[in-house]
Amino acid sequence: MEKRLIKKDVLAGIVGKIAGDVNLVAPVKEEDNVLFELVKDGVTALSSYRNTKNAPKAFFFPRSETLMRYTRKEKGYEFTGLGEDVSGQTVIFGVRPCDARSFVILDLLFDQDKYKDPYYIEKRANTTVVAVGCTKPPYSTCFCTSVDGSPMSTEGADVFLTDLGESYLAEFLTDKGEKLLKYFGDAKADAGAEKKKEEIAQAAAKEIKKTIPAHEIKAWLDANFEHPFWETVHKKCLACGTCTFMCPTCHCFDIQDEVKAADGKRIRNWDSCMFPLFTRETSGHNPRTSQKERWRQRFMHKFRYYVDMFGPIACVGCGRCVMSCPVNIDIRKIAEDISKL
Amino acid sequence: MENVEKKIREEAKKLLADKKVDVVVGYERGTLPLTATPVFITEPDDADRLVYDATCVQNLAKYVHDILSAHKEAQKKVKPEDKKKKVVGVVARGCTSRSLVIQLQERQYGRDDLVVLGVPCNGYIDGKKMGIALAGEEILDGSLTGEGVAVKTSAGEKKIALNDVLADNCLTCRFNNPVISDLMAGDNAPAKAFDREYEKVDAFEQLSTEERWAYFTKEMGKCIRCYACRNACPSCYCKVCFVEQSMPQFVGLSADHTDTQLFQLLRTFHMVGRCVDCGSCISVCPMGVDLRNFLKKLDKDALELFENRAGAKMEDVPPLSTYKENDKEDFIYNP
Ligand code: SF4
Ligand code: SF4
Ligand code: SF4
Ligand code: SF4
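Taken in order, these protein sequences are the chains called A and B. Following my numbering, the numbering of the first sequence begins with 1 at its first residue and continues without gaps. Following my numbering, the numbering of the second sequence begins with 1001 at its first residue and continues without gaps.
Please keep in mind that the hints were generated in silico from the structure rather than gathered at the bench. Keep in mind that this is a model prediction, so the values were computed, not measured. Glycine residues also receive a C-beta, built at the ideal position from the N, C-alpha and C atoms. Misleading hints may appear alongside valid ones.
Stated by the list, open to error - Listed next, the stretches of chain B that the computed footprint assigns to chain A, with coverage defined by at least 3 CB atoms under 8 Å from CB atoms of chain A:
no., region
1, 1011-1024
2, 1161-1172
3, 1225-1233
4, 1252-1263
Stated by the list, open to error - To give a feel for the contact side, a few chain B residues facing chain A, derived at Cβ under 7 Å:
no., residue
5, G1030
6, T1031
7, T1035
8, E1138
9, P1248
10, V1289
11, D1290
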């Protein structure tokens, strides 16, 4: 594995050069928010930020994505093409370790042996993930260490940057990552830099003060699909789906056709288990009759079904849902409450 | 406010113990610093969880409607002799009480389904203003100190004047004390600067049509159509909202900006004489869309054209439910 050391002040230049050659997605400031966005001319990628409000999953699995187009003709329909052109190479810069892990978790679903999602897979293959370690965890709500992550986890990263104070340690972890080597100069990292990184990683993990019993509750979840506890979670929920839209691992979708005159598009849109329309059938029947069943689905999906299907918990502990729920429904508290039952 | 809080707990406990109500809708401490969150208390012993201060944001009338309409639905399946009444107690400040009045005027439930625990109100803290005051620093700890808020962030400790972070609607609130109540927890709160309530709308009206349209499209451009605003609103209680109808389908699911504008225009117009300016929709919006400007404009129109202030008096007839011969109609010819 290649490792380089770069002076802090050259990073912005490196990012700028990358943006000149490929599509660059990075955190930028938009009014009061920091968001991952395609960096356009005249916009600067932030070098100092906590984390973005939106999760970077949208660049592999967009909010709305055209899957195919068609036109109505005299006799039947004519297929007129696939969705947007996604052939361009992209670098996502500045991803936090929790979000980088979310890509690995989503790969398990969108890129399985049995089912392959070509739209997701193509964008994933064309994209290089440059992650930046949380030398200092950005929020008091972070709980990555409870769900098998850590503030310096390199899982899901192609290139991993660690802030060593004066300089950055850049680790090139995959073939995709090594293609970016040319931007990072020749200064090889020495053993001292690696040692320093180790120390930083240990200190950072200790900084995560919040832990939740994410694994411990699995047995209870397995046994308690029906339980009065589920009556206590949802009552104040506004069903807005903010938690799922902000979540880096939520991935439910709904496919609809939108037709204007003779031209139609088949569009895949984010769905949310929090929406009343979620799983409503054509007949009008919905097997999940109320927000209670929907909230149980959200929690079970993350901490039970995903574990059973694929192994990892479908939560990376970023705390976005905790911070953005308008009525303070706190997934950490739900886990804690369950562990006390 | 501490005495108010104490009184709310006492009264709630009594109401539950005497079986005068089945549930009390109020606020409890949130899991994040300086937050409170809606809570549904059914056991007298849990009444001590109730809190009340400037961190209480949501208009609880929304939940009153949720509970009573769900109960009404459930009762449809019950034999007449087994039918049960459900009474909801609710902690209500000015805006909440006005929303209750609107729901009562609109015959959503009866006055006897409700026990209104009135509270005086000095306004609540606007999360977005707080974010700006702290330059985006995360709140690690915080407390209310009379006229101010003491906040701890990783950048250190900071004192902020309450007036600098109160929501815009609270700063100019005309009805910060309940317009109906069965019990009052505390004396009436001092008046706010209500004579300035239309200042922003007045300024907005001075802009050209193009400028106003540009502002509307800019704000609506941020909207991700999560419908949190609609769901938080006590006046948005349609069983099926037009945006979720599928036959016919009025709006698409994808992020088409004309669909977003259509949703917002229709919701806003449904609010004539029904918006109490509680700010709930704005406080829950994850994208910081300025809905208030447009709602407040309609509020002003309702006042000027129909002499109506939403939910101000039980005996008022809501402007959308009545027709008077002297209703102004020149705006139809001279918009
Ligand atoms: S469930 Fe919440 S904390 Fe977990 S990954 Fe999703 S948004 Fe982050
Ligand atoms: S963000 Fe909160 S209110 Fe909105 S759907 Fe999620 S849990 Fe419910
Ligand atoms: S709008 Fe008025 S009554 Fe409502 S919270 Fe603000 S000050 Fe209180
Ligand atoms: S809450 Fe905000 S983002 Fe959500 S639908 Fe309303 S205006 Fe749009």
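- When the hints from earlier in the document are held up against this structure, which numbers fail? 1, 2, 9, 10 and 11
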